[in-house]
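Chemist: Here are the chains, one letter per residue:
2 protein chains.
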Amino acid sequence: MQVTITEVASRDGLQNESHPVSTAQKIELIDRIARSGMTRFEVTSFVSPRAVPALADAEEVVKGLPNRAGLIVEALVPNLRGAERAAALGLDEWVCFASASESHSQANSNTSTQEALNRLKPVIDLARQEGVVPVGAIATSFGCPFEGDVPVTRVVEVARRMTDMGVETIKLGDTIGTAWPSRVRELVRAMRSALPDTTLVLHFHNTRDMSLANVLTGIAEGVDRYESALGGVGGCPFAPGATGNVSTEDLVHFLHLEGHDTGLDLGALIEAGHWFETVLDRKLPAHLLRASPVGTTTALAEMKRAAG
Amino acid sequence: MQVTITEVASRDGLQNESHPVSTAQKIELIDRIARSGMTRFEVTSFVSPRAVPALADAEEVVKGLPNRAGLIVEALVPNLRGAERAAALGLDEWVCFASASESHSQANSNTSTQEALNRLKPVIDLARQEGVVPVGAIATSFGCPFEGDVPVTRVVEVARRMTDMGVETIKLGDTIGTAWPSRVRELVRAMRSALPDTTLVLHFHNTRDMSLANVLTGIAEGVDRYESALGGVGGCPFAPGATGNVSTEDLVHFLHLEGHDTGLDLGALIEAGHWFETVLDRKLPAHLLRASPVGTTTALAEMKRAAG
Chain C
1 MQVTITEVAS RDGLQNESHP VSTAQKIELI DRIARSGMTR FEVTSFVSPR AVPALADAEE
61 VVKGLPNRAG LIVEALVPNL RGAERAAALG LDEWVCFASA SESHSQANSN TSTQEALNRL
121 KPVIDLARQE GVVPVGAIAT SFGCPFEGDV PVTRVVEVAR RMTDMGVETI KLGDTIGTAW
181 PSRVRELVRA MRSALPDTTL VLHFHNTRDM SLANVLTGIA EGVDRYESAL GGVGGCPFAP
241 GATGNVSTED LVHFLHLEGH DTGLDLGALI EAGHWFETVL DRKLPAHLLR ASPVGTTTAL
301 AEMKRAAG
Chain R
1 MQVTITEVAS RDGLQNESHP VSTAQKIELI DRIARSGMTR FEVTSFVSPR AVPALADAEE
61 VVKGLPNRAG LIVEALVPNL RGAERAAALG LDEWVCFASA SESHSQANSN TSTQEALNRL
121 KPVIDLARQE GVVPVGAIAT SFGCPFEGDV PVTRVVEVAR RMTDMGVETI KLGDTIGTAW
181 PSRVRELVRA MRSALPDTTL VLHFHNTRDM SLANVLTGIA EGVDRYESAL GGVGGCPFAP
241 GATGNVSTED LVHFLHLEGH DTGLDLGALI EAGHWFETVL DRKLPAHLLR ASPVGTTTAL
301 AEMKRAAG
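Chains as they are written, first to last, in full-length UniProt numbering: chain C, 1 to 308; chain R, 1 to 308.
Any given hint could turn out to be false.
[Said to hold, decoys possible] Using C-beta positions, here's what the derived DEER-type ranges look like:
| no. | chain 1 | residue 1 | chain 2 | residue 2 | range |
| --- | --- | --- | --- | --- | --- |
| 1 | R | 166 | C | 259 | 22 to 28 angstroms |
| 2 | C | 265 | R | 119 | 31 to 37 angstroms |
| 3 | R | 261 | C | 186 | 15 to 21 angstroms |
| 4 | R | 281 | C | 56 | 26 to 32 angstroms |
[Claimed, not checked] Where chain C lies over chain R, by a calculated footprint (3+ residues, C-beta under 8 angstroms):
| no. | stretch |
| --- | --- |
| 5 | 73 to 81 |
| 6 | 194 to 204 |
| 7 | 252 to 262 |
| 8 | 284 to 291 |
Just so you know, these hints were derived from the structure itself, not from any lab.
Heads up, the beta-carbon is just placed ideally off N, CA and C, and yes, glycines get one too.
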């Protein structure tokens, strides 16, 4: 299967990052990942700089992107104020989000799910007016840190509200890494049944080590779009315990072994991951930054790595 | 599905461990895990103490087990000399192994796969004579650190040699964590086709984060026996890069979410895992030692953990 990955390290990966990352480093991060053949990036978020200081340089990052024409640039646009900032920049897609769980919606956006959805309408309208593709994203699609289980029917209801506003692509966010395979299957089937024309994107966190099993299930259900973050960085600042997106290196390695085509060069991703570790000054969770890709006879390389 | 797990922390988990673990601590480890309802343990290995000093106390550990009658005690028995040591102890099962890869066989046992298999014959005969169940284990079933790919036909050939000697259960060891789902499916189907009466046990390492996806595939193929190590400790001393068995905590959590019955109490395993971290004096890789089980509303607990 042809699988498309959206790289989210510079947005979901960095929004909760305590180590300072300069604008130039963010641009270099995207550029290094792009060398692998990655074209889709959720680059940043036009949230209030007070709410997420780490992404206060949203405009500068977008403006600084090299090879802008070769990329599909997405950004989170939470409200009309963010939309006005984004509109000047000529992005390809605006990601408009709501939380399926009331408690997470309150913690994340200080508003109810209903009101969050109401606020999306003018943003989506403006996107269309600007010739930008509006995309919906549903946080806590597979569970909430405050409420626990989030019913499938609730997620489908939120998605339907978004598609009613004209959104054709929906990202299902496993915000705190609580998705498991049979729930993934259940939600994907419910979405397909209720909204057969909607494109699905799955966004998993590896908090409980289930993300690749979830991807395997998504693939079996025919979902061909996933999000991941280089190094496995990330986590939502308003969802305690939401550590670590599925890492791009591990995801691509896994998909290739399973015979799928991502169009990406794993070696270039691993190289970028090692560079990213020097930027953040720590080991990152991606397993492929420690272990060699399957199929290589790398005993010597690994012995050296273990020794060094 | 009813799924049976064999706990291997005190054998595979500790054989390569650099932090000293006393005999009393090993016994306590098994006892604490047993409180979760775990009954099957690969307790130790009767290898030469010179080759694996960390397991030199094999006899003492077995003799010291409390509630011995309630446990199914397995141990690795690599040769006739090990068998003679084991025979005095009244174990339930002897695990007799060979490596599917020639290079790993040489590195691990200083002998060819063929010769390793020849040496199993008298051990298996002695097991039967002693009323002990002989079990076969095939190292590098899914890849070798020296040779890379290990053909499925090769693994089946080694398994057939073992079953010809009277072994009825075969453990397929993913020694260096290179198994991926479609290869798991391929090997399980090939084994089933060639040796339909043989019970299969899958033993995965999480080196490349694929172990739960592999378990998902094993389950889909009807395999109901797995091995794991508390905390996700482990690694073969003669296979560079072979870090980390799939962790018992993460495996049990995953299986329960998928609706399978392990008969185990996840809370007791997590408690044992935290104790094991104090013994080894480091954080262990099991994700459930950091994140709470799915389905609990644990925001406060996780915020406290993140802060502490």
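Chemist: State for each hint whether it applies.
Modeler: Hints versus structure:
1. Residue 166 of chain R and residue 259 of chain C have their C-beta atoms about 38 angstroms apart, which leaves the hinted 22 to 28 angstroms range violated.
2. For residue 265 of chain C and residue 119 of chain R, the Cβ-Cβ distance of about 45 angstroms falls outside the hinted range of 31 to 37 angstroms, so the restraint is violated.
3. Taken as a hint, the range 15 to 21 angstroms holds for the pair residue 261 of chain R and residue 186 of chain C, whose Cβ atoms sit roughly 20 angstroms apart.
4. Between residue 281 of chain R and residue 56 of chain C the C-beta distance comes to about 40 angstroms, which lies outside the given range of 26 to 32 angstroms.
5. Chain C is given as covering the stretch 73 to 81 of chain R, and this is violated because 0 residues of the stretch bring a CB closer than 8 angstroms to a CB of that chain, at least three being needed.
6. Coverage of the stretch 194 to 204 of chain R by chain C is violated [criterion: at least 3 residues with CB-CB distance below 8 angstroms; count 0].
7. Evaluation of the coverage hint for the stretch 252 to 262 of chain R: fulfilled, as 5 residues show C-beta separations to chain C shorter than 8 angstroms, against a requirement of three.
8. With a threshold of 8 angstroms between beta carbons, the proposed coverage of the stretch 284 to 291 of chain R by chain C holds, since 4 of its residues qualify and at least three are required.
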